[in-house]
Amino acid sequence: MLDLKNIGKTFNPGTVNEKVALENVNLHLDDGDFATIVGSNGAGKSTLFNAIAGEFIADTGMITLDGRDITFLPDFKRSKAIGRMFQDPLRGTAPHMTIEENLALAFLRASGHTSAFSRINKKDRELFAEKLSALGLGLEDRMKQPVGLLSGGQRQALTLLMATLVTPKLLLLDEHTAALDPGTADKVLELTKKIVAENHLTCLMITHNMHDALTLGNRTLMMDHGHIVLDISGGERAHTTVDGLLDRFAENVGHALDNDRILLSKEK
Amino acid sequence: MFTVATVLNALELGFIYALVAMALFLSFRVLNIADMTTDGAFTLGCAVSATAAVAGHPFLGLPLAMLAGAAAGFITAFLQTKLAVPSILAGIITNTGLYTVNLAVMGFSSNVPMLKTKTVFTAAQSVFGESAPYKLIVAALVTVVVCALLIAFLGTRMGLSIRATGDNPDMVRASSINTAFTITVGLCIANAMTALSGAVLAQYQRSADINLGTGMVVIGLASLIIGETLFGRGGMWVKAVAAVAGSVIYRFIIALALRANVPSECLKLISAVIVALAIAAPALKAKADFRRRRANAQKGGARHA
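Residue numbers (our numbering), protein chains in the order written: chain A, 580 to 847; chain B, 34 to 338.
Fair warning: there could be bad hints in the mix.
[Stated by the list, open to error] Okay, derived cross-link-like pairs now, DMTMM-like style, lysine to aspartate or glutamate, Cα gap no bigger than 20 Å in a straight line:
id: 1; chain 1: B; residue 1: Lys115; chain 2: A; residue 2: Glu634
id: 2; chain 1: A; residue 1: Lys656; chain 2: B; residue 2: Asp203
id: 3; chain 1: A; residue 1: Lys659; chain 2: B; residue 2: Asp203
id: 4; chain 1: A; residue 1: Lys723; chain 2: A; residue 2: Glu754
id: 5; chain 1: A; residue 1: Lys748; chain 2: A; residue 2: Glu602
id: 6; chain 1: A; residue 1: Lys598; chain 2: A; residue 2: Asp609
id: 7; chain 1: B; residue 1: Lys115; chain 2: B; residue 2: Asp203
id: 8; chain 1: A; residue 1: Lys748; chain 2: A; residue 2: Asp760
id: 9; chain 1: A; residue 1: Lys723; chain 2: A; residue 2: Glu709
id: 10; chain 1: B; residue 1: Lys115; chain 2: A; residue 2: Asp791
id: 11; chain 1: B; residue 1: Lys151; chain 2: B; residue 2: Glu298
id: 12; chain 1: A; residue 1: Lys598; chain 2: A; residue 2: Glu634
These aren't lab readings, by the way, just hints derived from the structure by calculation.
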């Protein structure tokens, strides 16, 4: 499904601020894989997502998605096949537009759906209302309201719906519940699990919750200094504890994991 | 207070200039770009329309002016989306270049007199008759039709993409839409409308002048903000009506100023002050609120001490 070969990215090359963000990253995801990613601060997790989503073109390497070489494809073209969510609920929606208008835009990813001059019709509205009611937040009754009036959790749930309204080949989740209060975060995470399972999505999820990293999906990746340093799945993963994972990380890279948010949230 | 003639005159000019207010609504409010192409595009519209009318094609002059305005908008958009020129600078560069283009369109003369020329207004006069308010009919008709088309367009998928580009470009790219494309379409439409306003004005006042567009961006913004302040809360239709109303009110303010014997040379300064105050209003209000709260707190603190 997704293949990264030798992906490398250096920021500010040749200057004192030179920073190797990704180095020789190789990753293969099978169809339906749901991998979680944990790592130190500045390990390159979000940079990896930016490389996959096309926010920048990687300095080295090749990216193929579902057999198609997307290495040099600009971001807006990749987004036809890649859905993405960020930690910040404000990034995924247009605040001054209504819920239904936001959904209509997300629906544009369905290729050849309608002409540029078509308007939102009754059939679209019915589809949006049906999808919104599946979120269980009552948003289907507020479709004419601007998204700016929604809470962070509601906006994030809406963004999740928008990212998956047209089934993407790959879903990238960048700590998408981290900015929400614990109750709302759980709810959005439950929705995520449900939508990923229902659509058999291939998914990568960055998290700082070690428990989630081991229990969600079928694979756990750990990153450090621009490398993927650990990749476990199957029985090996099932028998790994949070402490065991941290130990293995330290073993592999020679120093302890230094992500303050992970360490702070480890106890809960 | 006003004679019928002054009221008619203010209404006519209000409708004509309302197109600039609508253009700025699209570029400044919807796309969130301060488009400095406006001044030059307005003069370009005047020049094209006057030249076409003098050549005997007053009606053809209007779509030609829109086409020319769209081309100017395209250049500004190209500079900022493809060549990474900051958006304000992109507009200023196009605007500067347009000065020469506008002179060229007018045959390297700084004005085109069209005293005996047939215009869309003289054509309307022969249709509606001398006694009918034919000038107002033409001005209102053009503006209402163009505004209605613009609002209808903003409700289409393409229109939604343009609106979202000003609201959250990240999300637009995530919806597989190229923001360079939406910005280009938006600026082309906005400048076509600005040029149309200039085109109608040139035929209305029977002359084109190289300086007609000077300060137009500020005048358009003043109209837009007056309209928004008085009527602006609501959907797209309300906002369009507010822009037109703002433009008409602005013309009444100018008429009033002229009646109060304010020299016409001072009008640009008055416009500039109106816009500065209107845009500064939220900040001024926040400051005043803060001062009041602090004063109250200090008074309260003194009582408790």
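Hints and how they fare:
For the hint linking B/Lys115 to A/Glu634, the alpha-carbon distance of about 16 Å falls within 20 Å, and the restraint holds. Only pairs whose Cα atoms come within 20 Å are accepted, and A/Lys656 paired with B/Asp203 is accepted, the gap being roughly 13 Å. Restraint check for A/Lys659 and B/Asp203: the C-alpha separation of about 14 Å stays at or below 20 Å, so the hint holds. Our distance criterion of 20 Å between C-alpha atoms is broken by A/Lys723 and A/Glu754, whose separation comes to about 29 Å.
About 25 Å separates the Cα atoms of A/Lys748 and A/Glu602, which puts this hinted pair outside 20 Å; it is violated. For a cut-off of 20 Å, the pair hint linking A/Lys598 to A/Asp609 is broken: about 31 Å separates their Cα positions. A C-alpha spacing of about 17 Å is found between B/Lys115 and B/Asp203, which places the hinted pair at or below 20 Å, so the restraint holds. Straight-line distance between C-alpha atoms of A/Lys748 and A/Asp760 comes to about 29 Å, which puts the hinted pair past the 20 Å bound.
Taking the CA atoms of A/Lys723 and A/Glu709, the gap is about 15 Å. The hint holds against a cut of 20 Å. For the given pair, B/Lys115 sits about 43 Å from A/Asp791 by alpha-carbon distance, which is inconsistent with the 20 Å threshold. For the suggested pair B/Lys151 and B/Glu298, the alpha carbons sit about 30 Å apart, so the restraint of at most 20 Å is broken. A hinted pair counts as satisfied when its Cα atoms are at most 20 Å apart, and A/Lys598 with A/Glu634 qualifies at roughly 17 Å.
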